[in-house]
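A.B. asks: Each chain is listed here by its residues.
There are 2 protein chains.
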Amino acid sequence: MSQIPYKIYLTEEEMPKAWYNLRADMKNKPAPLLNPGTHEPMKPEELAGVFCEELVKQELDNTTPYFDIPEEILGFYKMYRPSPLVRAYCLEKKLGTPAKIYYKFEGNNTSGSHKLNSAIAQAYYAKKQGLKGVTTETGAGQWGTALSMACAYLGLDCKVYMVKVSYEQKPFRREVMRTYGASVTPSPSMETEVGKKILAEHPGTTGSLGCAISEAVEVATTTEGYRYVLGSVLSQVLLHQSIIGLETKAALDKYGIKPDMIIGCAGGGSNLGGLIAPFMGEKLRGEADYRIIAVEPASCPSLTRGKYAYDFCDTGMVCPLAKMYTLGCGFIPAPNHAGGLRYHGMSSVLSQLYDDGLMEATSVKQTDVFEAAETFARVEGILPAPESSHAIKVAIDKALKCKETGEEKTIVFGLTGTGYFDMVAYEKFHDGQMTDYIPTDEELQASFDKLPKMD
Amino acid sequence: MSQIPYKIYLTEEEMPKAWYNLRADMKNKPAPLLNPGTHEPMKPEELAGVFCEELVKQELDNTTPYFDIPEEILGFYKMYRPSPLVRAYCLEKKLGTPAKIYYKFEGNNTSGSHKLNSAIAQAYYAKKQGLKGVTTETGAGQWGTALSMACAYLGLDCKVYMVKVSYEQKPFRREVMRTYGASVTPSPSMETEVGKKILAEHPGTTGSLGCAISEAVEVATTTEGYRYVLGSVLSQVLLHQSIIGLETKAALDKYGIKPDMIIGCAGGGSNLGGLIAPFMGEKLRGEADYRIIAVEPASCPSLTRGKYAYDFCDTGMVCPLAKMYTLGCGFIPAPNHAGGLRYHGMSSVLSQLYDDGLMEATSVKQTDVFEAAETFARVEGILPAPESSHAIKVAIDKALKCKETGEEKTIVFGLTGTGYFDMVAYEKFHDGQMTDYIPTDEELQASFDKLPKMD
Numbered sequence: 001m002s003q004i005p006y007k008i009y010l011t012e013e014e015m016p017k018a019w020y021n022l023r024a025d026m027k028n029k030p031a032p033l034l035n036p037g038t039h040e041p042m043k044p045e046e047l048a049g050v051f052c053e054e055l056v057k058q059e060l061d062n063t064t065p066y067f068d069i070p071e072e073i074l075g076f077y078k079m080y081r082p083s084p085l086v087r088a089y090c091l092e093k094k095l096g097t098p099a100k101i102y103y104k105f106e107g108n109n110t111s112g113s114h115k116l117n118s119a120i121a122q123a124y125y126a127k128k129q130g131l132k133g134v135t136t137e138t139g140a141g142q143w144g145t146a147l148s149m150a151c152a153y154l155g156l157d158c159k160v161y162m163v164k165v166s167y168e169q170k171p172f173r174r175e176v177m178r179t180y181g182a183s184v185t186p187s188p189s190m191e192t193e194v195g196k197k198i199l200a201e202h203p204g205t206t207g208s209l210g211c212a213i214s215e216a217v218e219v220a221t222t223t224e225g226y227r228y229v230l231g232s233v234l235s236q237v238l239l240h241q242s243i244i245g246l247e248t249k250a251a252l253d254k255y256g257i258k259p260d261m262i263i264g265c266a267g268g269g270s271n272l273g274g275l276i277a278p279f280m281g282e283k284l285r286g287e288a289d290y291r292i293i294a295v296e297p298a299s300c301p302s303l304t305r306g307k308y309a310y311d312f313c314d315t316g317m318v319c320p321l322a323k324m325y326t327l328g329c330g331f332i333p334a335p336n337h338a339g340g341l342r343y344h345g346m347s348s349v350l351s352q353l354y355d356d357g358l359m360e361a362t363s364v365k366q367t368d369v370f371e372a373a374e375t376f377a378r379v380e381g382i383l384p385a386p387e388s389s390h391a392i393k394v395a396i397d398k399a400l401k402c403k404e405t406g407e408e409k410t411i412v413f414g415l416t417g418t419g420y421f422d423m424v425a426y427e428k429f430h431d432g433q434m435t436d437y438i439p440t441d442e443e444l445q446a447s448f449d450k451l452p453k454m455d
Numbered sequence: 001m002s003q004i005p006y007k008i009y010l011t012e013e014e015m016p017k018a019w020y021n022l023r024a025d026m027k028n029k030p031a032p033l034l035n036p037g038t039h040e041p042m043k044p045e046e047l048a049g050v051f052c053e054e055l056v057k058q059e060l061d062n063t064t065p066y067f068d069i070p071e072e073i074l075g076f077y078k079m080y081r082p083s084p085l086v087r088a089y090c091l092e093k094k095l096g097t098p099a100k101i102y103y104k105f106e107g108n109n110t111s112g113s114h115k116l117n118s119a120i121a122q123a124y125y126a127k128k129q130g131l132k133g134v135t136t137e138t139g140a141g142q143w144g145t146a147l148s149m150a151c152a153y154l155g156l157d158c159k160v161y162m163v164k165v166s167y168e169q170k171p172f173r174r175e176v177m178r179t180y181g182a183s184v185t186p187s188p189s190m191e192t193e194v195g196k197k198i199l200a201e202h203p204g205t206t207g208s209l210g211c212a213i214s215e216a217v218e219v220a221t222t223t224e225g226y227r228y229v230l231g232s233v234l235s236q237v238l239l240h241q242s243i244i245g246l247e248t249k250a251a252l253d254k255y256g257i258k259p260d261m262i263i264g265c266a267g268g269g270s271n272l273g274g275l276i277a278p279f280m281g282e283k284l285r286g287e288a289d290y291r292i293i294a295v296e297p298a299s300c301p302s303l304t305r306g307k308y309a310y311d312f313c314d315t316g317m318v319c320p321l322a323k324m325y326t327l328g329c330g331f332i333p334a335p336n337h338a339g340g341l342r343y344h345g346m347s348s349v350l351s352q353l354y355d356d357g358l359m360e361a362t363s364v365k366q367t368d369v370f371e372a373a374e375t376f377a378r379v380e381g382i383l384p385a386p387e388s389s390h391a392i393k394v395a396i397d398k399a400l401k402c403k404e405t406g407e408e409k410t411i412v413f414g415l416t417g418t419g420y421f422d423m424v425a426y427e428k429f430h431d432g433q434m435t436d437y438i439p440t441d442e443e444l445q446a447s448f449d450k451l452p453k454m455d
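Just so you know, the protein sequences line up as chains X and W, in that order.
Per the working numbering, the very first residue in the first sequence carries number 1; after that it's consecutive.
Per the working numbering, the very first residue in the second sequence carries number 1; after that it's consecutive.
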């Protein structure tokens, strides 16, 4: 075996040609989306008012293991994929660990994260269906940027509802989206009924992801030729993001490397679900075993402290109900929480896998995350996104554990993106003004008390 | 011949192992640096007070064609190199041109530009000489970021003097440097004699690159264990940046592609000098011919409207004199000029090549540059730096010319970096507030009148 290169790239021929649908191998399927009025499973025709037809099929399909990636999407992927699988030689040396650390780096595209993988897929199916445009929400801005890029490429209109606090604090993210031709509206806005209602009830609100979702869905369902698209949580998104894991696995297989543990940050679950897909598939089929670890912020701990229950996907309670680990759809992380990973719930697929004991979860504190981010940046060169740094923190912890025990574990983690638009948070960290906040049990209980009552 | 991939990557084995020194093949060597007091050529021992010893050797060596890249630097390069050579299939399609367009993308590293190639080399030699740290200046911030990263990697102290207007307008760039442990001081500052003098004469000044250079040099020459490093203009920098051109040529050769023209943006000349090096070498040796085109901003047109004369490299007039195309060391581009490419002079090497008719030069207007940048971003995905977009603009013009004539020219241009920290400029462009400014002949003449009088 030749020396493992710093970066393992796949050739165009070696790149995956189909997405992998993890649900096909799950014995316990994720619970279905429910109609919020009837509590009956959502029918394809009900979902088709919100989502593109092809995406509805993907959303509801729990049995087909592989979906061919359309040629046009493969073409777009070639612009920025394969993403490199990097051997973290410098980090290993810095830590003095016998562990072997690899990270799959998804930040080498202008959107700065893995979100582009699903954005192009969703935009493609919208275009194919003959739609005029799509609507969406964005928080930290990575998803909105990714969707803007995909829509610009395909010539599709793109309306982004951006959480007001981010709109104001991240004008540069907004400008990137405008560069790609998207319209960007701070949410809540007076453009929608739900926005007006939220503003009437909470006049000073700086918005939330759940609230922006409600606005984007309303516009999509009331505007001719538009549909709504979402960057995480949904099963279709995990399907598209499986490209991350498939490439990772192909790159590891190329050098005969078998990971012991796979670590990813988890907000709505799109990155983690994509990264682990083929590995979890082997685990489900009994072909291999891996430790799979979800890392979430202590300030928004849906897996580690949430309830596994049916809940609304949005604050406005206009979306279907999903069974997931949730903090309650009214939960909003503390204002000191930086970056993304602020969604109240977790992908139904990952929630089920976690409930079945097939995946671990851990939460980490914000200041520890930024410390790990800085350590990583200084030796590996890449300035990581706060989100991705949650995975870095736990990968470092595990590698240091190996140092204690002398074990030569192979650790793979997902480095979902870059932190170029998060320098305000880094500044706070440098100036010692970053703080941690962990919700109390009472706060969480108050939020759980508002979960929808099911029969 | 198989289909040309979107991105041509070199394997670790195919990567260049030595830098190419273009000067070795020049019949007319670049004019030597002169002592500003005596007007005699600078002696190695004089330069050694400012620069590291090994770098002095590289600076003065006009005959050795290749310098082996030290193992440690090759190791660092592996973290972000090879950079991809991208076939701009989408841009070609958008333009409807028969031309084949390639770009060498240097933005896939956290510093966001090619500057890292020389930063690691200069930091390495400083470390090897047993120094404590280095000082430098930065304008738009790319060089300062690159040097901070290199110093963090090697455990070297890094003091950056940042042009005050950039320090205030680009707090995020400053934070990236701090993340990598650099100290960043707005220039002019009260920390240096030259800074105090400039502030006394121009109390409200927002600084200039030439002024920040003066401060950084003063600190390097008066602080034990420090030397000064510079990100462009110098011949040693062009030597290190030859990695860009060597990789480009290796990637093209791999697929039997011979470019007709090579286009690069030019400020101090580091990117252009590096990109064209091996191609210009063939041209100088009579082995091949290429059109080589330098693109500069109309607001800072050193090649197209400057004088070929000896001038100071800095505003404070403490640095050696260099013979170069210059607008005069007191020239400062109009405040509406965005991004870099604002240095008053041009690399002595490129100046000589231009004077010998081996290279063309053209200047472009700022608003046209941003229009080209947006076109490029929407189809190719990458959000380009304003600097790099000068090359995009001319590459597009040449490709459209091919559309008129039907010629299938092969165009290669350098995409030096990303524009993530230039969104203020993009915002101005989107809002129609970006303007052009072209200095008048009278303004330039007033600046030329202050050029040092030579015997």
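Treat the hints loosely; a few may be bogus.
Chain X stretches covered by chain W per the calculated footprint, using a threshold of three residues with CB under 8 Å from any CB of chain W [to be verified]:
| hint | region |
| --- | --- |
| 1 | 165-179 |
| 2 | 188-199 |
| 3 | 257-267 |
| 4 | 314-326 |
| 5 | 376-382 |
Keep in mind the hints are simulated off the structure, nothing from the lab.
For glycine and all other residues, C-beta sits at the position ideal for the given N, C-alpha and C.
A.B. asks: Would you mind marking each hint as holding or not holding in the structure?
C.D. replies: Results for each hint:
1. 165-179: Coverage by chain W holds here, the residue count being 6 at a Cβ distance below 8 Å.
2. 188-199: violated (count 0)
3. 257-267: With 0 residues in contact (Cβ-Cβ under 8 Å with chain W), the coverage given for the region 257-267 of chain X is violated.
4. 314-326: violated (count 0)
5. 376-382: It holds: at least three residues are needed, and the region 376-382 of chain X offers 6 whose Cβ sits within less than 8 Å of chain W.
The structure fails to meet hints 2, 3, 4 from the earlier list, while all remaining hints are met.
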